[in-house]
Each structure stands twice: as structure tokens, then as C-alpha cells.
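Read top to bottom, the protein sequences are chains A and B.
Going by the numbering used here, the first residue of the first sequence is number 1, and it counts up by one from there.
Going by the numbering used here, the first residue of the second sequence is number 187, and it counts up by one from there.
Source of the hints: derived by calculation from the structure; they are not laboratory data.
There's no promise every hint is true.
Claimed, not checked - Covered by chain A, per the in silico footprint, the following chain B stretches (three or more residues, Cβ under 8 Å):
id : stretch
1  : 203-216
2  : 323-333
As the list claims (entries may be wrong) - Just a sample of chain A residues kept apart from chain B, beta carbon distances all over 12 Å, derived:
id : residue
3  : A40
4  : T81
5  : D96
6  : L114
7  : L116
8  : A121
9  : R126
10 : P160
11 : A165
12 : P171
13 : T178
14 : V181
15 : G183
Ideal Cβ placement from N, Cα and C applies to all residues, glycine included.
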Amino acid sequence: MAALVPGPRARSLALVLVTWLLTGIVAAAQAPAEYQVKAAYLFGFGRFVEWPAAAVENSPFTICVLGDDPMGHWLDDVASTGTIRNRPVRVQRLTDVEGAGGCQMVFISASEELRLARIFAALQSRPVLTVSDLPQFVQRGGMVGFVMAGSRVRFAVNVPPAQAAGLSLSPELLRVATTVVRGGQR
Amino acid sequence: MTATGLPRHSPVARQLARINMAASASALLLAGIVLAAYDFITVRDTLVANRLVQAQIVGSNSTSALTFDDDRVATEILGALRAAPQIQAAALFRPDGALFASYQRDAGNPPAFPPLPPDADLWHQTDGLRALHVATRVQLENQTLGFVYIRSELGDLRGRLLAYTGILLVVAVMASLASQWVARVSMRSISQPLGELAELAGRLSAERDYSVRATATGHGEVGVLVSAFNDMLAQIQERDRSLRDSHDLLERRVEERTAALNASNRELEAFCYSVSHDLRSPLRSIDGFSQALLEDYADTLNDEATDYLGRIRAATQRMGTLIDDLLSLSRISRTQLTSKPVDLTAMARSVIDDCRTLSPDRQVDVVIAEGVTVNGDARLLRQVMDNLLGNAWKFSSRQPQARIEFGMTTGERGEPVYFVKDNGAGFDPAYAQRLFGVFQRLHAMTEFPGTGVGLAIVERIIQRHSGRVWADAAVGKGATFYFTIGALRNDGAPSGA
């Protein structure tokens with residue numbers, strides 16, 4: 001029986017092991033992965049942008065991912081937890097912009113950089129919020145572009161194309177954006 | 187107490203004013219406390235509601251900051267609360283309770299997560315009168331984004347409460363003073379007559395002056411009291427006067443009667459003296475001529491005539507003695523007495539010696555106590571001893587073995603009592619009181635000679651010595667005469683008589 005009882009050394013070893021494990025878990029919890037944050041932000045954009053009534057009628061709110069999906073299950077997880085504009089959220093993964101007809105929001109993956117012009121053309125004036133983490137996305141005509149500020153995920157906003165698409169970006173959203181591009185049209 | 191201004195400070199007025207003051211003050215205090223409590227609760231609820239609205243505004247402004255994890259913007263939003271100086275601190279918390287952003291008016295530790303119940307959207311708590319804590323849940327589309335917490339001062343409320351207390355105290359003091367004044371003015375009609383009555387009663391018992399009257403003011407019971415008091419005073423005064431009048435009348439009557447009595451007494455004594463004195467000269471003539479008849483006409487008078495003349499002489503001599511006794515009796519009341527120690531023992535021996543000389547053939551046992559002395563008038567006391575011992579000698583003359591005793595014993599109150607005792611004829615005790623009257627005789631003249639004045643003289647003398655004399659006897663068993671001697675009294679005697 002005595003042989004089965006761990007000695008003091010064995011116990012301290014176990015303590016160190018447990019501590020190390022816990023530290024790792026806490027560290028992981030404190031610093032969520034970049035794409036986990038981005039997935040959550042995508043979800044959040046839905047709540048701070050207003051679509052024309054016709055665009056969101058009678059259907060789940062659809063977030064589309066165009067190209068290679070860097071967020072994976074994070075986005076599905078977020079989508080399953082809440083609603084946007086009081087409607088369930090659906091995630092649709094597309095390989096081509098042609099399938100984006102039922103989307104209210106399109107995340108353009110970095111893999112689509114070369115097809116960007118075509119994508120913008122396809123979505124021209126349609127009530128679809130374009131989001132991407134491509135560099136200089138808003139300068140290139142996108143509506144919301146992720147930028148990194150150190151380790152933190154932030155975003156820039158381009159108002160004119162959103163307005164052209166009939167979308168209304170809420171002041172709250174503009175407030176937390178790092179850069180807001182405003183058109184001189186109005 | 188003075189006659190003026192007493193009702194203002196009389197205890198009744200003060201008491202009434204105090205009761206009035208207490209009543210109004212307590213009513214005021216109660217009303218004030220209720221009002222203050224109501225106001226306090228109302229103001230506090232309003233304050234809580236306002237703070238909660240403020241927290242909700244902050245929360246809805248912070249939704250994007252919470253959603254997009256922008257603590258800079260959140261801090262900015264909270265910083266706007268600087269406009270409200272009562273807000274000490276505010277904070278935004280993540281759903282898991284971690285601090286997201288905070289604002290503090292003054293330096294210090296950032297606020298801790300409030301103890302908000304898990305499913306509550308609003309929460310508030312007052313920390314005594316120091317601080318108010320409110321918290322709200324920040325939600326967007328049923329998803330909790332975080333919590334807003336605001337801590338604010340209750341300075342307004344505290345100030346309000348202080349102001350209320352101050353106002354209440356000031357009003358209470360003023361109302362008390364006012365009620366006192368009102369009470370004094372309105373209760374003067376009660377307290378003034380009462381105070382006057384009290385003052386009057388005090389003066390009455392101190393000075394016994396029943397001529398004073400209370401001013402008949404006031405109505406109702408007080409008025410009745412005052413007039414009843416006045417009536418009572420009038421009655422007392424009336425009774426006093428009639429009492430004094432009748433007393434004076436009595437005094438006067440006593441004086442008059444005493445004077446009349448004295449006058450008639452003096453008249454009577456003078457009359458008695460002069461009569462006794464004037465009776466002596468015809469008596470002397472009768473006796474003298476009878477003696478002359480007996481001596482000058484002894485040859486011509488037969489035996490019968492001689493016998494009659496002898497009887498006339500004996501009768502005139504007895505009358506002479508009688509007159510002497512009466513004179514001495516009246517003299518006792520008229521003589522000025524002198525008090526000095528008198529040796530009664532020696533006096534008794536001298537009297538008995540005289541008796542033995544007069545009837546030397548009698549055999550009498552005489553016992554005389556030694557060393558009996560009293561303070562008194564020697565001449566009068568000699569008369570007492572003469573009479574008492576002479577009587578004893580006389581009334582024991584029929585006894586073959588006579589016995590006479592003079593001695594001293596002790597009375598009921600411890601006073602000395604002197605006595606003369608014989609074993610002679612005695613007398614019926616039923617007549618003991620009559621013994622001391624003038625001309626009172628219990629025995630026939632033929633049995634025992636005497637004028638019947640002796641014991642009257644004794645009594646008069648003993649009375650003038652403030653003493654008592656009494657007798658104790660039985661028929662055939664002898665008699666005992668007792669007397670006491672007190673202080674000498676000269677009041678009955680006219681001075682220099």
C-alpha cells in the first residue's frame with residue numbers, strides 16, 4: 001500500500017506539471033487567436049450596419065466567406081450563439097463571387113486578392129457589406145478592412161461605397177474605426 | 187412674590203405654556219420627520235432612476251466599443267461623465283466580470299465588479315448616505331456585451347437631509363417660542379387669577395390678614411374658584427370679628443364682675459370687721475355690769491340670781507371669743523404674709539404644752555415627728571397648729587387613754603403631707619366637706635365647746651399657702667386631718683392691710 005502513495009518529490013512534480021498546464025490554458029484564454037477575433041467582429045459589423053429593408057427580408061442573415069476560409073469554426077461558433085437584426089445567422093462559404101447574391105456580408109479572403117476588381121464589380125451597388133483583411137482594402141474600394149494595431153485587431157471604414165450600396169454605417173461603428181474614409185460627395 | 191406681574195411667571199402659566207410647547211413641538215417634529223422621510227425616499231428614488239438612465243445611456247453608447255474591444259473609446263465615453271461632478275467613478279466590465287474600462291474623478295483603485303444578480307438588468311445599492319452604486323447590463327440583441335457601473339455621491343441627498351434637519355430645528359424652535367407666547371397670552375385668563383389666588387393664599391398664611399380679596403376676573407371654573415375664595419375669606423373675617431367681639435365682651439364682663447366681687451368682698455370684710463369690733467363694747471358692758479352686780483350685790487342676790495348672772499357672763503365671754511375668732515378669720519384674708527422656714531415640730535410641742543397647762547390632769551399620749559419644717563407664715567401656721575392640735579386634744583377628752591400624733595407622710599404626687607391624728611370622738615365622713623364651713627359644728631356645744639370657726643380659719647390659712655386640707659374619720663374611731671403647704675399667696679390680701 002505504501003508503494004502506491006506518491007512521495008513528496010512526486011507530488012511537487014505533479015504540482016509543477018499542473019501549474020504549467022493551467023498557465024498555458026489561461027494564456028490561450030487571455031489572448032484569443034486573431035481570426036477568432038475577426039470572426040466575432042464580422043458578427044459585430046452586422047449589428048452596427050443597417051441594410052435596406054428589402055435586402056434582409058424573410059431570410060437568415062447570411063455571412064459569406066469568399067475564398068479560403070481563415071476563420072474556420074470560429075465563425076460558425078459565433079454565428080450559432082446570437083442573432084443579427086433579430087434573425088439567425090448563416091455562414092456561407094463561396095469560391096466565386098457569383099454565388100454571393102443572398103449574402104448581406106462578404107468576407108473576402110486574402111486568396112482573392114487578385115480577383116478583387118472583379119468582385120467589387122460584381123457587388124457594385126448591391127447591399128452587401130464587403131470586409132477583408134487585405135492590406136489597403138478600404139483604399140482599394142472595400143467597405144471595412146481589418147488592420148492590425150500591434151497585437152490587436154482594428155478596422156478601417158470606407159463610407160462612400162457603403163452608402164452607394166444603400167448601407168448605413170452606424171456612428172458607433174465609425175467611432176471605433178481606426179480610419180474612416182468619407183466621401184466628398186455629400 | 188410680588189403683587190405685580192406674577193401671572194406671567196406663575197407656575198401654572200409656565201406649566202400650561204410648557205404643555206402647549208411640548209404638544210406643538212412633538213406634532214411639528216412628527217410631521218417634519220414624516221415629510222423629511224417621504225422627501226428623502228422620493229429624492230433618493232429619483233436619484234437612483236436618473237443614475238440608472240445615465241448608466242443605460244453609457245451602456246448603449248458603449249455597445250460598439252464592447253463589441254469591437256475598443257477600450258480607448260470606452261474610456262472616452264466614460265470620461266464624458268466628468269460633466270456630472272457627483273459621479274465619483276464609473277466602469278465598464280466584460281460579461282465575465284473583467285474590467286474593460288474605467289473612469290475615476292479622483293485618483294484611486296478602479297472600481298470592483300458590482301454584485302449584480304446573474305439575470306438582473308438593473309441594480310442599485312446605497313452605501314449609507316455616502317455613495318450610490320448603480321449597474322446596468324449592456325445588451326445587444328439579447329447578448330450581454332458587458333456591464334456599466336457608476337458610483338456617485340449622495341451629497342445632494344445628504345445636503346437635503348441636513349437642510350431639512352436645520353429647517354425643522356429652526357421651525358421647531360420658532361414654533362415653540364410662538365406657542366409659548368400664544369399660551370401665555372391665551373392662558374392669562376386662567377393663570378392670572380390662579381396666580382393671584384396662590385399669591386393671596388401665601389400672604390394669608392404668612393400675615394393672617396383676612397381683609398384681602400382676589401380680583402374677580404375670569405369665567406368658568408376659575409371665576410367660580412376666585413369668588414368662592416373671596417366668599418370664604420369674607421366668612422372667615424366675619425367669624426373672626428364676632429369671635430373677637432364676644433371675647434372682648436367676656437373679658438369686659440369678667441373684669442366688671444371681678445371688680446364688683448372685690449368691692450363687695452371688701453365691703454363685706456369691712457362690715458364684718460366693724461360689726462365684730464362694735465359688738466365687743468356692748469358685750470364688755472354686759473359682762474362688766476354683770477360682774478359688778480355679782481361683786482357689789484353679792485349679799486342681796488340669792489343663789490338663783492347669782493347663777494343667772496354667772497350664765498350671762500359665760501355667754502358674753504363665749505360671744506367675745508366668737509367675735510375674736512371672726513375677727514381673726516377676716517384678718518387672715520387681709521394680712522400681708524411673710525414666708526420663712528417654720529419648725530412645725532417645735533410649734534406642735536409648744537401647742538401641746540399649752541394644752542397640758544390648761545388641763546394638767548389629763549393623760550394623753552402625744553407623738554410628734556422630729557424635724558418637720560415648712561416655708562410659710564409663722565403666725566398663721568401657729569393658728570393652724572393651735573386649731574388642729576387643740577381640736578385633737580378637745581375631741582379626745584372622753585377617751586381614757588387619749589393619743590395624739592403629729593407627723594409627715596407622702597402624697598400621691600410625692601409631695602409632703604402633714605397630719606394630726608387623734609383617737610377621739612371622730613365624725614361621720616359624710617359630713618367631712620361641711621367641717622370647714624364657718625359655724626359648722628358636728629357636735630353639741632354641751633358635748634365639746636367651740637365656736638365652729640376654727641377649721642374655717644385653718645382652711646383659709648392653708649389656701650393662702652396654696653395647700654389643701656382634708657379630713658378622714660369614722661364615728662368613735664378618731665379623726666385625722668391632713669394638709670399640704672405650697673407657695674405663699676399674697677394676691678388675696680390688700681397690701682399694707
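Now the hints, each set against the structure:
Counting residues of the stretch 203-216 of chain B whose CB falls under 8 Å from any CB of chain A gives 0; the rule of at least 3 is not met. Note: the stretch 323-333 of chain B has 4 residues with beta-carbon separation from chain A under 8 Å; the three-residue rule is met and the coverage holds. With a least beta-carbon separation of about 8 Å from chain B, A/A40 fails to lie farther than 12 Å from that chain, contradicting its non-interface assignment. Listed as outside the interface, A/T81 is inconsistent with that label: its C-beta sits roughly 7 Å from the nearest C-beta of chain B, within the 12 Å cut-off.
Every CB of chain B lies more than 12 Å from the CB of A/D96, the least distance being 30 Å, so the non-interface label holds. Every beta carbon of chain B lies more than 12 Å from that of A/L114, the smallest distance being close to 29 Å; the non-interface claim holds. Non-interface call for A/L116 relative to chain B: holds, since the shortest CB-CB distance, roughly 24 Å, exceeds 12 Å. The Cβ of A/A121 lies farther than 12 Å from every Cβ of chain B, with a closest approach of about 29 Å, so its non-interface assignment holds.
Even its closest Cβ contact with chain B, about 24 Å, leaves A/R126 beyond 12 Å, as expected for a residue assigned away from the interface. Distance to chain B confirms A/P160 as a non-interface residue, since its nearest Cβ pair spans about 21 Å, more than 12 Å. Taking the minimum C-beta to C-beta distance to chain B, about 20 Å, the non-interface status of A/A165 holds against the 12 Å cut. For A/P171, the requirement that its beta carbon stay farther than 12 Å from each beta carbon of chain B is not met, with the minimum near 9 Å.
Annotated as non-interface, A/T178 brings its C-beta within 12 Å of a C-beta of chain B; the closest such distance is 9 Å. Annotated as non-interface, A/V181 keeps its C-beta farther than 12 Å from every C-beta of chain B; the closest such distance is 18 Å. At roughly 21 Å, the least C-beta separation between A/G183 and chain B is larger than 12 Å, which holds for a residue marked as non-interface.
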